[in-house]
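Student: Just so you know, the sequence shown maps onto residues 0 to 266 in numbering that gives the first Met the number 0.
Do not take every clue at face value.
Okay, derived cross-link-like pairs now, BS3-like style, lysine-lysine, Cα gap no bigger than 27 Å in a straight line [as the list claims (entries may be wrong)]:
1) Lys196 / Lys229
2) Lys103 / Lys130
3) Lys189 / Lys130
4) Lys39 / Lys189
5) Lys213 / Lys130
6) Lys39 / Lys196
7) Lys51 / Lys189
8) Lys77 / Lys103
Hints listed in this document are in silico derivations from the structure and should not be mistaken for laboratory results.
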Amino acid sequence: MKYPASLILCPLILAAMCGSAMADPGDYQSSPERRVVTEKDWGPWLGPFRAKLVPSMMQDFGERYLYAPANAALPAPKAGEQRVVFLGDSITDRWNLAASFPGKPYINRGIGSQVTAQMLLRFHQDVIALKPRAVVILAGINDVQGFLQHETPQQIETNWEAMADLADAHHIAVVFGSILPVNDYTDAAKDVVRERKPELLVELNGWLRAFCAKRGYGFADYHAAMVDAKGLMTAAYTRDGVHPLDNGYAVMAPIAQQAIDRALHGK
């Protein structure tokens, strides 16, 4: 009896997809068994949002599909153009660069909820391929929270360094923004400080500042300009304890511009 090719190939396909899960117990395997993780209850808003994201990220963890059409439509920089790409998470995604930097050829490539590992995956597509003179990287706050991926400080620093290495290899000037302070001053921000320890943010910013000084990169110290006497984000700059309002971005913009100028021109 002849069987359809799909039925003959099915066990091979399943074996390739499942790997050691279908292997004979006696087969050699270098890696240890995968752990079993108990899911945290992320609440009535973050829970459904995370459930929507996970299946999509199983196909494209870096979510490179989001900016692929915009990248394809973007023309090459004009002669002498000082193109700058802002790479980051929702804090960058919500930043109206045209309003903050009128007339500047600055390109927003922020994606809400992203962690540094995702930005590293899309760095070629969303930064290098756009041929900017500089990149402004603002990342790490979501790694600390652990919403999509739990990262140690060392893993976050490694991802920062890897992005910087890619930029260096392609002659792109580098600017890192410090992680912003957070607060828990409103009902919308009640869990923010508990999930994003301010002392850890200060520690990471200290490493990042030293790294930028060692490599000669620009460092945009948003944290110092937005922190209050309690070590938290000044209440007037945010409603949810994480994302700046327009007045917060107004504080950040000249700091970013000064760091860009230093990275490009040594000013």
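Student: Please go over all the hints and tell whether each is borne out by the structure.
Tutor: For each hint, the structure was consulted:
At most 27 Å may separate the alpha-carbon atoms for a hinted pair to count; Lys196 and Lys229 meet this at roughly 13 Å. The straight-line distance between the Cα atoms of Lys103 and Lys130 is roughly 15 Å, inside the 27 Å bound, and the hint therefore holds. Distance restraint check for Lys189 and Lys130: the Cα-Cα separation of roughly 41 Å exceeds the 27 Å cut-off, and the hinted pair is therefore not satisfied. Annotation: proposed proximity of Lys39 to Lys189 holds, straight-line Cα distance about 18 Å (limit 27 Å).
The hinted pair formed by Lys213 and Lys130 meets the criterion: a straight-line CA distance of about 25 Å does not exceed 27 Å. Among the hinted pairs, Lys39 with Lys196 is consistent with the structure: their alpha-carbon atoms are about 18 Å apart, no more than 27 Å. For the given pair, Lys51 sits about 24 Å from Lys189 by alpha-carbon distance, which is consistent with the 27 Å threshold. For the given pair, Lys77 sits about 13 Å from Lys103 by alpha-carbon distance, which is consistent with the 27 Å threshold.
Taken one by one, the earlier hints fail for this structure only at number 3.
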